[in-house]
Structure formats: structure tokens, C-alpha cells
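Visitor: Given chain U, work out where chain V should sit, using these hints.
Each chain, written out:
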Amino acid sequence: ETGVTQTPRHLVMGMTNKKSLKCEQHLGHNAMYWYKQSAKKPLELMFVYNFKEQTENNSVPSRFSPECPNSSHLFLHLHTLQPEDSALYLCASSQEGNYNEQFFGPGTRLTVL
Amino acid sequence: QQPVQSPQAVILREGEDAVINCSSSKALYSVHWYRQKHGEAPVFLMILLKGGEQKGHEKISASFNEKKQQSSLYLTASQLSYSGTYFCGTVGTATGGSYIPTFGRGTSLIVHP
Chain U
1 ETGVTQTPRH LVMGMTNKKS LKCEQHLGHN AMYWYKQSAK KPLELMFVYN FKEQTENNSV
61 PSRFSPECPN SSHLFLHLHT LQPEDSALYL CASSQEGNYN EQFFGPGTRL TVL
Chain V
114 QQPVQSPQAV ILREGEDAVI NCSSSKALYS VHWYRQKHGE APVFLMILLK GGEQKGHEKI
174 SASFNEKKQQ SSLYLTASQL SYSGTYFCGT VGTATGGSYI PTFGRGTSLI VHP
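Residue numbers (the numbering used here), protein chains in the order written: chain U, 1 to 113; chain V, 114 to 226.
So that you can see chain U by itself, here it is in the shape it has in the complex (with noise of 0.2 Å):
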């Protein structure tokens, strides 16, 4: 346990579904992260928030809508995904500062038919 929950930890959707992913960190940290894990490709950085005010969008189709409502939740809102999209999205929080040690959730493994 990270300190660092994610649901659902499994996703299965159709292209024309509208879903959520859902983060919660309990660790009072600032800072939150959406990766994207694909198979053997490196840790794609998606979103990040700082204070709740999202800080870095790194060319993520509009597809993917990032919501933080407070700095313990995180929200990722899916709609009219594509195939190429199924993969284990990971959050992350941290204490924003210099050194930044990052703590991951489970992850939601998403598939996308």
C-alpha cells in the first residue's frame, strides 16, 4: 500500500462509452500525476496539478479530460477512446518541491474494443 488508491483497477469499454478513473491519495501531498503504461514503452506523463491547478498537459488528446477537484482526488474522464488508448494508467502524488519521490497507485488497466 503507497497510500495511493485507484478504481476501477480493471476497464473494459467500447469506443463509444464515457467512463472515469478515479485517484485518491492519503498521503496530504500537493502534487498529482496521470501516467500512461504501455506495453514496452516508457512511462507517458499525462496531466499534472499542483494545488489543484493543472500545471502540464503534455499534448494529451481532448479524448482524455483530467479533473481535480482537491488535492487528494484526481479524476480522469474517458469518452470516444480508441484502441491504441487500451493501457495501465497510473496515478501518482507527491509533496511538490525539488526532489519530487512520486508515489503510484495500482494502476487501471484499461482495455478499449
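Simulated from the structure, these hints should not be mistaken for laboratory data.
Be aware that one or more of the hints could be misleading.
Derived lysine to aspartate or glutamate pairs resembling EDC-like cross-links, with alpha carbons at most 20 Å apart [unchecked claim]:
hint : chain 1 : residue 1 : chain 2 : residue 2
1    : U       : 19        : U       : 85
2    : U       : 40        : V       : 153
3    : V       : 139       : U       : 44
4    : V       : 150       : V       : 127
5    : U       : 40        : U       : 84
6    : U       : 36        : U       : 67
7    : U       : 41        : V       : 153
8    : U       : 36        : U       : 24
9    : U       : 22        : U       : 53
10   : V       : 150       : U       : 44
11   : U       : 36        : V       : 153
12   : V       : 172       : V       : 127
13   : V       : 150       : V       : 130
14   : V       : 150       : U       : 101
15   : U       : 18        : U       : 85
16   : U       : 36        : U       : 84
17   : V       : 163       : U       : 96
18   : V       : 150       : U       : 1
19   : V       : 163       : U       : 101
20   : U       : 22        : V       : 153
Predicted model only: the values in this text are computed from it and were never measured.
Guide: For chain V alone, coordinates are given in the frame of chain U:
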């Protein structure tokens, strides 16, 4: 620009040593090392900062040569529990204040009895 890790995979017997390398084409401020076991979240191992320091964590240690823009992770007397994928993440000195690491593709380490 992502760092390059080598080797891509290592297979060991218990008790043997291994070295995993991480190289960057840019000047580095810090190097982060994580381990991810199959089906689990990446777990932070250590951060090394500019200044060429060496850090240790049980029988896992790492060095950072900022002149060569390289870091090496040393696993001595490997145990079965060391199996997993090791990721390095690098933070460049010219990132405009962002301390979020860019991750390599990972090195898969398998330790056999």
C-alpha cells in the same frame, strides 16, 4: 528526451550481482530510480542529485556521474524479491523549473533460485 537504459533485460541466479545503466543526452539535475513488480505500482527506490553522490538502499545502491550524464544502479547478492522492472527517471538542468522526471523504457530483471 527520455533517458536510455541498458541492458533491456537481465537474468540472474540468487546471489549474483547486476548493474543497470541509465544515460541521458542532456545535463542532469537528478536521477530517480523506481522498481515495478509485475501487476504492481512502481515503487520509489532513491533519488540522486547533481554533485555525483552515491546512495544505498539495503543491497541496492546507485551512483550518478553528472559529467557523463549517467547513473548506474547496483544490485549485489540479488534476492528473488529483486525481480521486476527497474526504471530510471531523469530531470534536466534546463527544464524551466519542472522537477518531474522523464522515464526510460525500463530494464527487466529476473532472479532465479
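Visitor: So, for every hint listed, does it hold in this structure?
Guide: Against the structure, the hints come out as follows:
| no. | hint | in the structure |
| --- | --- | --- |
| 1 | U:19 to U:85 | 13 Å, holds |
| 2 | U:40 to V:153 | 16 Å, holds |
| 3 | V:139 to U:44 | 19 Å, holds |
| 4 | V:150 to V:127 | 17 Å, holds |
| 5 | U:40 to U:84 | 14 Å, holds |
| 6 | U:36 to U:67 | 16 Å, holds |
| 7 | U:41 to V:153 | 16 Å, holds |
| 8 | U:36 to U:24 | 17 Å, holds |
| 9 | U:22 to U:53 | 17 Å, holds |
| 10 | V:150 to U:44 | 18 Å, holds |
| 11 | U:36 to V:153 | 14 Å, holds |
| 12 | V:172 to V:127 | 13 Å, holds |
| 13 | V:150 to V:130 | 19 Å, holds |
| 14 | V:150 to U:101 | 18 Å, holds |
| 15 | U:18 to U:85 | 13 Å, holds |
| 16 | U:36 to U:84 | 11 Å, holds |
| 17 | V:163 to U:96 | 19 Å, holds |
| 18 | V:150 to U:1 | 13 Å, holds |
| 19 | V:163 to U:101 | 16 Å, holds |
| 20 | U:22 to V:153 | 17 Å, holds |
In this structure, every one of the numbered hints holds.
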